[in-house]
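**Q** Order-wise, the sequence lines are chains A and B.
Heads up, the first sequence is in our numbering, so the first residue is 2 and it goes up one at a time.
Heads up, the second sequence is in our numbering, so the first residue is 1101 and it goes up one at a time.
Be aware that a few hints might be false.
Pairs of lysine to any residue, SDA-like flavour, derived with a Cα cap of 25 Å [to be verified]:
1) B:K1232 / A:A51
2) B:K1243 / A:R10
3) B:K1243 / A:G92
4) B:K1243 / A:R150
5) B:K1212 / A:E21
6) B:K1212 / A:F117
7) B:K1243 / B:A1255
8) B:K1212 / A:G92
9) A:K93 / A:E48
10) B:K1171 / B:G1155
11) B:K1232 / A:E172
12) B:K1117 / A:L122
13) B:K1171 / B:A1258
14) B:K1232 / A:T18
15) B:K1171 / A:L141
16) B:K1212 / A:R66
17) B:K1201 / B:S1104
18) B:K1144 / A:L32
19) A:K93 / B:S1111
20) A:K11 / A:S31
21) B:K1232 / A:G92
22) A:K93 / B:H1225
23) B:K1117 / B:K1171
24) A:K93 / B:A1255
If you are wondering where the hints come from, they were derived from the structure by calculation, not from laboratory data.
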Amino acid sequence: MTPLYQAARKLLDVHGTDVEVAHLVGVLESLPRHTLNTNQRLCTEREPSADMWILTAGCVSVIKRDYAGTDQEMARIQAPALLGHMALVTGKPRSATCDVVEPSIVHLVTQERFVFLLEDLSPQGDAFRRLLISSMSAQLDSGNRAIQRAISEPSARNMSLVESNLHGWNE
Amino acid sequence: MKPSTLQGLSSLQSLPKHELVELLQYGESRALDLNEVLIPLGSKVQTAYLLAQGGLVAELPSNLGSHVVGKIWPGEVAGEGALSHGYWTSSVQVRAVVPSKVLLLTPELFAKTRGTRAHAALQGHLIGVLAKRIQGTNLQLRKAWLEQEAAETKAHQASSAKIESLTLGERLAQLFGVTP
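Please model the entire structure based on the sequences and the hints provided.
**A** Below you can see the structure in the form of C-alpha cells.
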C-alpha cells in the first residue's frame, strides 16, 4: 500500500465518504506534487488566491488575525487534509496564513484544474466533488460547535476559531 | 415536481430537460403545505432536502412561540449535515412558510445518476450552497462582534458603569438560537 493510497484512504475515512480510494488516488496522481520544507509559507491571509492543496504528508500551522487584530495560531493541521479550498469556491482572499511546520507534501489544485474537476463526469471528478461536499458540510458542523463555545466563552479568539472552523482551518 | 421547477435553480438551468427528468425519476420529491413541518426538532434526519420552490424557516419552537434562526430560499438546502454523516440530529425545526416543493437528496439519487451531467451539476450546486451558508454564518458573526463593539463604545461614552445592552454571548445565542 503506497503512502498516497494510505493518505487518500485516511482522508476519505475522516470525512466518512464512501468513495472508492482508487478514484481519489487517481485525482491525487493527476495533480502536481510539491515537497515543502519547514517554515515555508503556503499562503498568506488576505492575499488573493487561485489554488488549493491536498496535504498528503506533513503538518501545517494555521495563523489567523483574531477579531481583536492579533495574529494567533488557530490550529496545526496534520496530513491528510484539504487546504485553501474555500478561497477557490468563494473567490475571496485567503482567510488565514499557512506555514509548514514539518517537511510536507501537497498536491496542487489550480483554479483551472478545480473547474475541470467540478465538471468532470469520470469517477475521479465525482470523488473530488463528494470529498469537497463532505468536507464543507463537516466545516459547518464544526463551526456550529465552535459557536456554542463562543457563546459560553465569548472572546476575540473564540470568535476567530469559529471562522477558522467554518473555513476548514481546523485540526 | 415538474422539470421546469428544477430548471428555475441557476446551477441546473443549463441542463437538458431529459437530464432533469432523470433526476426527478430517481429523486423523490415532496410537496409541503403552509406551516407543514419538514424536519421536526430533535429528529434524526437521514436525508438533505433541496428546496426547489417556496420558502422554509429554521426555528426553535417554544411555549412562547417560535424563534426563527434562519430562512431557506429556493435553491438552498435543509439538513445538509446528512451530506457528510449520512444522518443528522436536527437542532432546529424546519417548517414551510408558504406551500413548497423539495427534492430529497438521498444516497439512491446520487448513486443512480452518477456519471451524468445532472449529477455533477447537482454536486456543483451543493458546493455553492454550502459555501454561501458558510459565508453567511461568518457575516453574522462579524455583525454580532461589530454591534457589540458599538454597544460597548456607546456605554463607555455615556460613562455607564454597566453595559445595558446584550453581552456578546447573548447576541450570538439570539442569532444562532442557542441557550447561553
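**Q** Taking the hints in turn, state whether each one holds.
**A** Right, here's what the structure says about each hint:
no., hint, in the structure
1, B:K1232 / A:A51, "holds, 18 Å"
2, B:K1243 / A:R10, "violated, 39 Å"
3, B:K1243 / A:G92, "holds, 21 Å"
4, B:K1243 / A:R150, "holds, 18 Å"
5, B:K1212 / A:E21, "holds, 16 Å"
6, B:K1212 / A:F117, "holds, 22 Å"
7, B:K1243 / B:A1255, "holds, 18 Å"
8, B:K1212 / A:G92, "violated, 32 Å"
9, A:K93 / A:E48, "holds, 9 Å"
10, B:K1171 / B:G1155, "holds, 8 Å"
11, B:K1232 / A:E172, "holds, 23 Å"
12, B:K1117 / A:L122, "holds, 18 Å"
13, B:K1171 / B:A1258, "violated, 36 Å"
14, B:K1232 / A:T18, "holds, 22 Å"
15, B:K1171 / A:L141, "holds, 16 Å"
16, B:K1212 / A:R66, "violated, 45 Å"
17, B:K1201 / B:S1104, "holds, 12 Å"
18, B:K1144 / A:L32, "violated, 39 Å"
19, A:K93 / B:S1111, "holds, 20 Å"
20, A:K11 / A:S31, "holds, 19 Å"
21, B:K1232 / A:G92, "holds, 12 Å"
22, A:K93 / B:H1225, "holds, 18 Å"
23, B:K1117 / B:K1171, "violated, 29 Å"
24, A:K93 / B:A1255, "violated, 35 Å"
Hints 2, 8, 13, 16, 18, 23 and 24, counting from the list given before, are not met by this structure.
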